[in-house]
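Enquirer: Just so you know, the protein sequences line up as chains A and B, in that order.
By the UniProt record's numbering, the letter at position 6 of the first sequence is numbered 6, and the numbering carries on one by one without gaps.
By the UniProt record's numbering, the letter at position 87 of the second sequence is numbered 87, and the numbering carries on one by one without gaps.
Possibly wrong hints are sitting among the right ones.
Claimed, not checked - Capping the alpha-carbon separation at 30 Å, the derived lysine-lysine pairs in BS3-like fashion look like this:
(1) B/K156 <-> A/K62
(2) A/K62 <-> A/K2
(3) B/K194 <-> A/K7
(4) B/K156 <-> B/K32
(5) A/K79 <-> B/K139
Hints are computed from structural coordinates only; laboratory data are not their basis.
If you're wondering where the values come from, they're calculated on a predicted model, not measured in any experiment.
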Amino acid sequence: MKIELKKFGTTLISRQNGREAFAALQSQLTTLGEKEDMELDFEGVITFSPSWGDEFLTPLVKQYGNRVVLMNTGNLSVKATLELLEKINQTSFNIRF
Amino acid sequence: MTEELITISEAAEILGVSIDTLRRWDKSGKLKPIKISEAGYRLYYRLQIELFLDNLFNLAKNWVLKNNDMPPNFYCSNSAVFQTRLTQMQDTLAKVADLSSIFPLIIAVAGEIGNNSFDHNLGNWPDVPGTFFAYDIHKRNIVLADRGLGIFATLKRVKPELNTDQEALRMAFTEVISGRAPESRGNGLKFVRKIISENPIGLVFQTGDAELILTKESSKLDIRPSTESFRGCSALITF
Chain A
1 MKIELKKFGT TLISRQNGRE AFAALQSQLT TLGEKEDMEL DFEGVITFSP SWGDEFLTPL
61 VKQYGNRVVL MNTGNLSVKA TLELLEKINQ TSFNIRF
Chain B
1 MTEELITISE AAEILGVSID TLRRWDKSGK LKPIKISEAG YRLYYRLQIE LFLDNLFNLA
61 KNWVLKNNDM PPNFYCSNSA VFQTRLTQMQ DTLAKVADLS SIFPLIIAVA GEIGNNSFDH
121 NLGNWPDVPG TFFAYDIHKR NIVLADRGLG IFATLKRVKP ELNTDQEALR MAFTEVISGR
181 APESRGNGLK FVRKIISENP IGLVFQTGDA ELILTKESSK LDIRPSTESF RGCSALITF
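Chain A extracted, bound-state conformation (with noise of 0.2 Å):
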């Protein structure tokens, strides 16, 4: 399944948010499969903080594990934030260069 997170944003930046877009994503996820990945897109996000990323990424990975896959995260934000979100969980991130 693959989930286009500019279909949130283009600027992810904030708690609130970033819990209101977990939660919105949720429905989606009843039709994945059971051992299918999750593809997350960040091509088109211009801004991705820690905060909103946290809410997010964090509760998916927690779940998921490694079948949650992040693509096209060359954006400086991105990279900035997703190594930080490594550090504060003690976990890396499973992506797809």
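Position chain B against the provided structure of chain A, taking the given hints into account.
Expert: Chain B in isolation, oriented as in the chain A frame:
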């Protein structure tokens, strides 16, 4: 006028620019030193540098210190207003050619600082809720301020061992707090520090009676007592 003299390196640090940039500004007349020392070094008044930064900062300062009026378009009463105006700033910065790769980082830094004000004061604003948020694309700076509880009061709830504004400010910018109890607490200011240490962005951050100056390649945190104390937080981002 305070006549405290500072060196070119101190002036560069406050402005978030390189010493070479200040030398160029001297030659071009954009910002000239107050005098040259006997040894030939450029010297500036601290206040001269602070005023150069912007009047926006003074407007913010007078709001947090004295509850003076501010232009309505600088006031974000809630996080939705802040988010909208931040997105507008993003669109403006995106058009500046030499910021094309780093503007998302500038927005992320401003976003984390501004959202902190809302996240940590929601339901607890002592008087006026919301933030001051203004930017000057020509002078290349962003000013954020709030009349909230300040970092010391909010962090002390989860770290009772804290005793001063300076200790709280240091912890906010250095210690990764992963427990997050009892409230969802971000690590946004650690992110801000990391971004600034790797990019040509400067920050002057004040809370209570403590002030922090961060610039690219700041190896240690420069935290000092501030000249005036106030309850909330203020930030000046230069780029």
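Enquirer: Which of the numbered hints above does this structure break?
Expert: Result: hint 4 breaks, nothing else.
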